[in-house]
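Working from the sequences, and respecting the hints, build out all of it.
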Amino acid sequence: MRIGILAVQGAFEEHRSVLQSLGADTILLRQKSDIGTLDGLILPGGESTVQGKLLKDLHMLDPLKEMINNGLPVLATCAGLILLADKISNDENTWFGTLPVLVKRNAYGRQLGSFYYKGDVGDISDFNMTFIRAPYIESVSNNVDVIATAYDHIVGVRYKNQIGLAFHPELAEDNRIHQYFLDAINSYLFT
Amino acid sequence: MSDNRYELNKNLAQMLKGGVIMDVTTPEQAKIAEAAGACAVMALERIPADIRAAGGVSRMSDPAMISGIQESVSIPVMAKCRIGHFAEAQILQAIEIDYIDESEVLSPADDVYHINKRDFKVPFVCGARDLGEALRRINEGASMIRTKGEPGTGDIVQAVRHMRRMQAEISRVSSMREDELFEAAKEYQVPFELIQYVHKNKKLPVVNFAAGGVATPADAALMMQLGAEGVFVGSGIFKSGEPEKRAAAIVKAVTNYDDPALLAELSKNLGEAMVGINENEIQLIMEERGK
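Protein sequence lines, in the order shown, are assigned to chains B and W.
Residue numbering for the first sequence follows my numbering, beginning at 1 and increasing consecutively.
Residue numbering for the second sequence follows my numbering, beginning at 1 and increasing consecutively.
Read the hints as simulated data drawn from the structure, not as lab findings.
Please note that the accuracy of each hint is not assured.
Taking beta-carbon pairs under 10 angstroms as the criterion, some of the chain W residues facing chain B (in silico) [stated by the list, open to error]:
(1) N4
(2) N11
(3) Q14
(4) I32
(5) G37
(6) V77
(7) I97
(8) Y99
(9) A109
(10) D119
(11) P123
(12) G230
(13) P260
(14) L262
We put the beta carbon where it would ideally sit given N, CA and C, even for glycine.
What follows is the structure, given as structure tokens:
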């Protein structure tokens, strides 16, 4: 199994070390020629403006978008969620636009608004969620499942092959979400 | 400061990794930096090259100027306070800055004590020339480290020296026997627990960026290959002929620092680089500030 991790900017190494500890093969995607065939894709945290620009400039946006539309399983965290969203309430840009949700960037304000929250993510209970200058989801289309909320805001969704999280499971020292993602790929839950 | 807040502040630095933090003096420059792919901006009235040229005492920037930049971009905004000037830091915290740089670029306010950064909720980044300086700043509460380099010169030699020294010392501590760590803590003048962390994890406990003298995509790639996790560019961008183009090229060079063919493309036709000053031509050695 070959999992691609978008590695143009941000906390991609943290995702890689969790996935490697779970026995997955990972490939860091820094430019188009890195993509090849993938069984899954991770969109890590970082700055969405930087990642979006580099995705375009390095010619990765269109090929990856096509793969996502064709069913490639994606786990997107924080900035990654913003890249997937088809609408952003406080930014005119959209990037992949494959996830039918309305996202608000920096929804909790500046760094002083960053926080931890313990709660359930789908069937995973008591997960320590890390929110860093995080977005949240203001609204979702009908067929999107809400899998996590924090303080009455939607912070995790699942839509077909896409999982979008406003927080950082790669910083939690808890690999259950990554394990769930790999298991779901293995059992073709996303197809 | 609660442990939680310190962890969250280290986490923010992790999100900046693989990115370029650019010095800006106006909202217009901040927008150019953001559009070029900066992962954060450093708001200051004068970039280091101009501070060097102007001479005199250099202080924290006007909060109104910093707030103007905060309102103009969506990426994190950092600002500098003088070494040891905790009142300037309190002011920057009051305007909800995302990161404070307790910086040797400004005139030091205290020639003995650094700020007790554990007292603050907002995160701090500090400069360091070697492992001892880095761990002392971390012990004081810094949640991110950068090399000092020699700001405002456009000369990369000091940043290279500092990054190599830090990496060499990390390797040395990593390869020690455990019973040698106590002596190492004494030698580096830092707490045993921090030396133990470096020994076990073969890295600093916080993110480590390169800063001071980066002027070209090749400079940025050099620092990344030497082990930097991201790059600060101060005077190098807005003191050059074509800031937008150079900024975007340095951003891409940090992402693909190990692809010489791409770096060659990125380095073409960037216009005039900042003129720069050599080590033996400068009077004011900023790296000597704050040890």
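(message) Does N4 of chain W hold up as a contact with chain B if the rule is Cβ-Cβ below 10 angstroms?
(response) At about 6 angstroms, which falls below the 10 angstroms cut-off, the nearest Cβ of chain B leaves the hint on N4 of chain W intact, so it holds.
(message) Quick check on G37 of chain W please, does its C-beta sit within 10 angstroms of some C-beta on chain B?
(response) holds (5 angstroms)
(message) Interface hint check: I32 of chain W, Cβ to nearest Cβ on chain B, cutoff 10 angstroms. Holds or violated?
(response) violated (13 angstroms)
(message) Does the closest beta carbon of chain B sit nearer than 10 angstroms to the beta carbon of A109 of chain W?
(response) Violated, because the Cβ-Cβ distance from A109 of chain W to chain B comes to roughly 24 angstroms (cut-off 10 angstroms).
(message) Hint validation: Q14 of chain W versus chain B, beta carbon distance must be below 10 angstroms. Holds or violated?
(response) holds (5 angstroms)
(message) Given a cut of 10 angstroms on the nearest C-beta pair, is the interface hint for Y99 of chain W held or broken against chain B?
(response) holds (7 angstroms)
(message) Just to be careful: measuring from the Cβ of P260 of chain W to every Cβ in chain B, is the smallest value less than 10 angstroms?
(response) Violated: closest Cβ of chain B sits about 13 angstroms from P260 of chain W, beyond 10 angstroms.
(request) With chain B as the partner, please determine if I97 of chain W meets the hint condition of a C-beta pair closer than 10 angstroms. (result) holds (8 angstroms)
(message) Please check whether D119 of chain W passes as an interface residue: C-beta within 10 angstroms of a C-beta belonging to chain B.
(response) Where the cut-off is 10 angstroms and the nearest Cβ of chain B is about 15 angstroms from D119 of chain W, the hint is violated.
(message) Under 10 angstroms is the threshold here; is the Cβ of L262 of chain W close enough to any Cβ of chain B for the hint to stand?
(response) Holds: closest Cβ of chain B sits about 7 angstroms from L262 of chain W, inside 10 angstroms.
(request) Verify the interface restraint on G230 of chain W: the C-beta must sit less than 10 angstroms from at least one C-beta of chain B. (result) holds (8 angstroms)
(message) Tell me if the interface restraint on N11 of chain W is satisfied: Cβ within less than 10 angstroms of some Cβ in chain B.
(response) holds (5 angstroms)
In summary, the numbered hints that this structure violates are 4, 9, 10 and 13.
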